[in-house]
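Colleague: Assemble the complex: chain A is given as a structure, and chains B and C must be docked to it using the hints.
If you want the building blocks of each chain, they are given just below.
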Amino acid sequence: MAGTAVQRRLTWTVATVTGEVRETPSVRTLLLDVPGWAGHRAGQHLDVRLTAEDGYAAERSYSIATAAEEPVSITVERLDDGEVSPFLTDDLQVGEQFEVRGPVGGYFVWEKASGGPLLLLAGGSGIVPLRAILRERSRTGSDAPVRLLYSARSLPDVIYRAELDGYGGLDGVEVTYTLTRHQPPGWTGYARRVDAALLGEVAWPAGENPLAFVCGPTSFVETASQGLVGLGYRPGRVKTERFGGTGGA
Amino acid sequence: MPPVFSRFRHRREVPDDAAGRLPPGQYLATGFPVLSAGPTPHTPLSTWTFSIERQDGSALKSWTWDEIQALPAETVTQDIHCVTRWTKLDTEWRGVSIDTLLGAVEHDSDYAMAFCDGGYTTNLPIEDLTDGKAWLAFEYGGEPLDPEHGGPARLLVPHLYFWKSAKWARGLRLMDTDEPGFWETYGYHMYGDPWLEQRYSGD
Amino acid sequence: MEPLDGNAVAGELAEVFGTEMTTFTATCGSCGQVGPLAEVAVYDMEMGIVIRCRGCTALLVVITRLRGMSCVDLTGLAALEPA
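Chains as they are written, first to last, in my numbering: chain A, 5 to 253; chain B, 8 to 210; chain C, 22 to 104.
Only chain A is shown next, with the shape it has when bound in the complex (with noise of 0.2 Å):
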């Protein structure tokens, strides 16, 4: 726990936007400074609030993309229908303000106590919860071993590719790619969505007792977390965050 900080009851607030970070052409990462933030753990969420002219307000939730004690940060992905999201990836800009409360969750969270070995699953935007965990996990330099399965469009739909790619293999993390629509000339790696098929071949097996989080549009979490449990991993081990919307598995 942070310090002696009074426990204040969840409300909103008001974050100032202080930078961004263009991930991919449909994707923003953006940087806030939140009066009183009294810190996160990695795979929580903020929601965000956005208020038209008319009064008219609309709410949505967002992953913290950061590690606890890093700076607090959201990535945001453009909904082709969104209302909400391309404003925030599009329109906003640094040293606005918006309404955010947060953080928000519980359950879908990791710290190094949570050990290992870990598997995550992520279905396009939900590879960004999923990154905060990898980096807590470097934050404390936690040697809990990690596979990282990210189902995405193609390639350049990866978000954090060149830190995901920094990886290696190196340091007992493990990213395997399944491109589902359109893979680079040459690419020997997956190229469909999540079965239990490829789960077999990519998952811990389940007599390492691994600990998994799944994370992406409802469609996605429901094939995979279905697929772990079919390789025998126990309900209680597998967390599951769905997102609304068909971003981007």
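For the record, the hints were derived by calculation from the structure and aren't laboratory data.
Remember, it's a predicted structure, so these values are computed and weren't measured experimentally.
Keep in mind that the hints are not guaranteed to be accurate.
Label pairs and their in silico Cβ distance ranges [stated by the list, open to error]:
hint : chain 1 : residue 1 : chain 2 : residue 2 : range
1    : B       : Glu81     : C       : Ser51     : 34 to 44 Å
2    : A       : Asp95     : C       : Ala100    : 38 to 48 Å
3    : B       : Gly64     : A       : Gly240    : 36 to 46 Å
4    : A       : Glu205    : C       : Ser51     : 35 to 45 Å
A virtual CB, placed ideally from N, CA and C, is assigned to each residue, including glycine.
Modeller: Same frame as chain A, but now just chains B and C:
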């Protein structure tokens, strides 16, 4: 006072000819949002029925799908208003007038509880279900009503907030006194007139 | 329409209950299925929060927030306990 963006939803400005058609506090929707309190039911048409029931739940009259299709139907264009603040103008529906259905039974009730596959209910005065104000709708935009939007058939009562237009409607249970349905039980208004902004109980 | 899960309403639940709720264990009053609130099936989220059992779809919890007050119906649960 929260931060306000003039650029957010900028494209959703109200066209001049629509201004008078928006009840207070409403915004124009671009799509047709789907709100459901439960999973989409899929009742086969072969077993589907629509019934008018007495207060005790016994059936006064029941129609099969084919019998409903054989009744006179009409195509209507209506504005619809959801309590979550979106309004859609000029939506096109096809269905059987509730006048036709209620006209087939003898009753002296003042209220009805619409009941649906999945367990949803909503209460309405008989007065608001008759005189051309309500339909059992099975087509939207010229196509069979999508299950996500309440198909095969939903209640359509456009002069009240859209939670009264119960999806997956299977009948009306007549009542002598007004009783709260699903959302009304949890604090939404018993009547729900969008022009008086009757969103919550006590409004 | 595919439901989301309890994670999607973690913020609302925290505001209403005053504490993080998604790690709480919920027991369905209809079929007895037990699991964390983070994994229940969440519907609507606009008119109110409607929480159903992922196994049998029975209504577990309904929350509406009207004029600054919360209406919380937990009667679909047989139990709701901290993790």
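Colleague: Of all the hints numbered above, which does this structure not satisfy? Sort the numbers upward.
Modeller: none
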